[in-house]
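Chemist: Quick mapping for you: the protein sequence lines, in order, are chains R and P. Its first residue numbered 1, the first sequence is counted upward by one per residue in our numbering. Its first residue numbered 1, the second sequence is counted upward by one per residue in our numbering.
Hints are computed from structural coordinates only; laboratory data are not their basis. Check the hints yourself; a few may be wrong.
Computed footprint of chain R on chain P; a stretch qualifies when at least three of its residues, placed anywhere within it, have a C-beta under 8 Å from a C-beta of chain R [claimed, not checked]:
| id | stretch |
| --- | --- |
| 1 | 28-38 |
| 2 | 42-55 |
| 3 | 92-105 |
| 4 | 131-141 |
Yeah, the Cβ is synthetic: ideal placement off N, Cα and C, and Gly gets one too.
Number of protein chains: 2
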Amino acid sequence: MDTIKAINSRRSIKSFDKNHKMTQQEIIQLLELAILSPTSYNIQNWRFVTITDQSIKDKLSELSHGQQHVSEASLVIILCADLNSWDKDPQRYWENIPEEPRIALINSLRNSYSGKPGLQRDEAMRSCGMAAQTIMIAARSMGYDTCPMKGFDYNKVGGAINLPDDHVISMMVVVGKRTKDPSPRGGQLPLSEITFKNHF
Amino acid sequence: MDTIKAINSRRSIKSFDKNHKMTQQEIIQLLELAILSPTSYNIQNWRFVTITDQSIKDKLSELSHGQQHVSEASLVIILCADLNSWDKDPQRYWENIPEEPRIALINSLRNSYSGKPGLQRDEAMRSCGMAAQTIMIAARSMGYDTCPMKGFDYNKVGGAINLPDDHVISMMVVVGKRTKDPSPRGGQLPLSEITFKNHF
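Let the sequences and hints guide you as you build the complete structure.
Modeler: Here it is in structure tokens:
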């Protein structure tokens, strides 16, 4: 599908065919595209928990104020981030570049993130945001629809997926075959109100 | 351009043709696609500051540790967010839906964000992350390249753009015509290390 069409036709869909199953190949394709999303210093801090089992989707639906589309979706992806990825063998992130710039990058990376929990968390949200949008646009082009979600109990979902202590959940994206078209967009702000030339 | 090709070929580019100018129409097209990105409760919390003036790009380059591609890019977009967008006439965000669900949404929105500065900031980073990736993929499909950036002096850039007190900068995306192809990807983590079935 053309990129502009995929971006234009992406909508948050709330009704999916609960009998539809994605193939393993489709799920892998989606994840392989997701991990082409950029991250600061290439730290690849995102971690993706994928769920296709009906009983777990039903549990996640319960933890999302009973929202049915979590149960109905073919795939639920919980986008998490490792807050300490910057400190875990960072040479892996630039193994294909010469040693000298690699060492300089590692030093710069440590200077940037060490002792800065606020920045580590910002990076988790930013990176997952970018990856989530890749997933949503890619899914659209593969004939699927999606819904990004944060309306769930983060603590309980964290418990259900054994979220490590130094990880956070950023958001959830559900993927499936739509059974109902969305309503017109709710109320878009005009470009003139949210864009600024040179300064506010 | 096909969506999958746009996602695959998006790379962080560091060398742009400094003589290339984007048309106003292209810039508007890019921004109109960006604002189709989802936001929680449709709060549309992003704010986009666009810069094409050479003297301001040069200043931003200085504030980005002298990184040349900020000067060379045709367009610099500073992705900001209004932390209080949830509280500013939220009926605008669902003006096209009936009154009863609209009022319920407004109440739910206020419950979600009121008195939660951490969540407001998370939302800024998430929303801007999603919009940034839309911009980068859309730009690719329009024949441009991009580089997402956070390596700049946030306080000084905030000052330069008159950032309002209740706004934050999330990141910067520079857009332009590449003059040098990127090196191979630095070191991608295998899917097996960053994806998990059902739980960690």
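Chemist: Taking beta carbons only, do three or more residues of the stretch 28-38 of chain P come closer than 8 Å to chain R?
Modeler: holds (count 8)
Chemist: At least three residues with a C-beta closer than 8 Å to a C-beta of chain R: is that true for the stretch 131-141 of chain P?
Modeler: holds (count 9)
Chemist: Is the listed coverage of the stretch 92-105 of chain P by chain R valid when you require three or more residues with a beta carbon under 8 Å from a beta carbon of that chain?
Modeler: Our answer is that it holds, as 6 residues pass the Cβ test (under 8 Å) against chain R, meeting three.
Chemist: Cut-off 8 Å, C-beta pairs, minimum 3 residues; does the coverage of the stretch 42-55 of chain P by chain R stand?
Modeler: holds (count 9)
In the structure shown, no violation is registered for any of the earlier numbered hints.
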